[in-house]
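Take a look at the letters that make up each chain.
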Amino acid sequence: MAVARSPRISVAGSGALLLDGAEVSFDDATQELVWAVADAARKLDGVRETVPGMNNLLVLFDPLATDAARLREQLKSLWSGTYPRTVAGALHTIAVDYGGARGEDLAGWAAHCGLSPEEVVSRHAAATYTVAAIGAMPGFPYLSGLDPRLAWARRSSPRLNVPEGAVIIGGMQAGIMPMTAPSGWHIIGHTDVRLFDAQADTPVLLRPGDKIRFEIAGMEA
Amino acid sequence: MIEILTTGLLNTVQDLGRPGYLAQGISHGGAMDRQALAIANLLLGNEPSAAGLEIALYPFRLKAHVDTSLAITGADCPISVGGRRCPPWWATGIRAGETLILEAPRAGARSYIAFAGGLDLPPVMGSRATDVKGGFGGLGGRGLSRGDRLRLNATECQLPPGGRGVALEERRASGNGTASAIELRVLPAAEFAAFTPRAHAAFTGVEWSITNDANRMGYRLSGEALLLAAPMELLSHGIVPGTVQVPPSGQPIIQLADANTCGGYPKIATVIEADLWRLAQTPVGARLRFVTVPIETATEALRTARQRLDALAAARKISAGRLRPG
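Taken in order, these protein sequences are the chains called G and W. Number 12 in this note's numbering belongs to position 12 of the first sequence; there are no gaps in the numbering. Count along the second sequence from 1, add 221, and you get the number used in this note's numbering.
Think of the hints as simulated: they come from the structure by calculation, not from any bench. Beta carbons: idealized from backbone N, C-alpha and C, even for Gly. Be aware that one or more of the hints could be misleading.
[To be verified] Label pairs and their in silico Cβ distance ranges:
#1 W/PRO504 to G/LEU115: 47 to 53 Å
#2 G/ARG70 to W/GLU268: 40 to 46 Å
#3 G/THR202 to W/ALA535: 51 to 57 Å
[To be verified] For the chain W half of the interface with chain G, some residues (derived, Cβ under 10 Å), not all of them:
#4 GLN245
#5 GLY358
#6 GLU377
#7 CYS378
#8 PRO382
#9 ASN481
#10 GLY485
#11 ALA522
#12 ARG524
All chains should be modelled from the sequences, with the hints used to inform the complete structure.
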């Protein structure tokens, strides 16, 4: 049964509303509600696009085709009247070379957690992660499910070029870089799996609700 | 076919962008000054969404290898077509072998060049806009280089002798406004109330400068630091062009066409859609002022802008009809 919390709704410009259901920390059930509301909201008059974030949802609309005040009420009732959607997503197994030159933060990460490098790697590879949302850059997955013992706050200053394929963690979140770009997350390994190919029929590999398992292809402490 | 003779890497192929893929992390992108590109296309009888060039670095020169027509809109810059002076917001013919030259603007920042028929490039996810960050769209996902050759779609564009153009009142008013601050209308955003009273006063009370850190992803501003009443951590959420984020430094960043689709910094306000072209035309070093408006004002401004485009499109259809015999 859906927990009928009402989201905080704010105006994000003349053609967007942000619905925020986040409590103290990220919640998987709230995220399933976000996915369901995103699908339902796309069918409303005047809605152009919905963008699931982490326990929140951005709804883009044409302000000349619908009334913002009316849409706000419609979204409120969708949020309280929609059941969270459990997604039977695809399972992806992603082989990772941990540590070494392409996983330069492994030692620091282990030290931060008070564990050995072997222990952090085996815990990272033991969990099953859920793709909560895709965003920021093309195909970038925000992954939930990181072992709380492995959490590590983001770097105070981001690196300008974190390479494509970098397996990264930031706070309680895990991720994989779909392209070389700036990031403040820590680099713990590398994968050859391509998450984004603009020329492909389906340019983005992962979808919200998909599950990820990391497999230890190699490790260099 | 046209050939690029002189350019900077920040000059790109753009159209009206790539909507529909935000939930996959793909920005809308497209022309920073959408209205200018749409009007350039309409002057030639193209669809408003045809692909053209966005010029942000000058001088820019290209050579036509066929007889064709082009339209230049946006910034107020000296333009010459085959040695003939041409005003901005004007469509004119160019003959094979002639050169188009755009010099540094007297006012404004970005120029748009549309070509009769539009640039013939393969769409990627429904758009020909260059996404430099993602490395796709436009010309292989990169900016223009000297020697690039671009094909044009076949068309039956016929301009009156001497060409044709438009004069837009608000563009004239802003064009000579370089001495004073550009005014941008904003709507308060989710974390507006979380800032200190002093930050509220400063946000709309002081003038902000556009720093060198300004590109298609966003403009970093400098001015009085805007502080939160208490520190806050936000989960990542979708953002739109125009979002004014405030990182811990307190110096705001306005997110623009190629911005990341999600962000995590507190948002103090959003620049209204109808004013985004003003930012596109505001150069580095210029000053801005934010004015809070009610949402009705934002919607009305958008309605006015869209009606004008519709009127121009309708006028072009009528004149195109007249030109066609039978």
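How the hints compare with the structure:
1. W/PRO504 to G/LEU115: 47 to 53 Å: The hint (47 to 53 Å, Cβ to Cβ) holds, given that W/PRO504 and G/LEU115 are roughly 52 Å apart.
2. G/ARG70 to W/GLU268: 40 to 46 Å: violated, 32 Å
3. G/THR202 to W/ALA535: 51 to 57 Å: violated, 39 Å
4. GLN245: holds, 4 Å
5. GLY358: holds, 7 Å
6. GLU377: violated, 32 Å
7. CYS378: This hint is violated: W/CYS378 lies away from chain G, its Cβ roughly 30 Å from the closest one there, beyond 10 Å.
8. PRO382: violated, 38 Å
9. ASN481: holds, 5 Å
10. GLY485: This interface hint holds because 9 Å falls under the 10 Å limit.
11. ALA522: holds, 8 Å
12. ARG524: Because about 6 Å separates W/ARG524 from the closest Cβ in chain G, which is inside the 10 Å limit, the hint holds.
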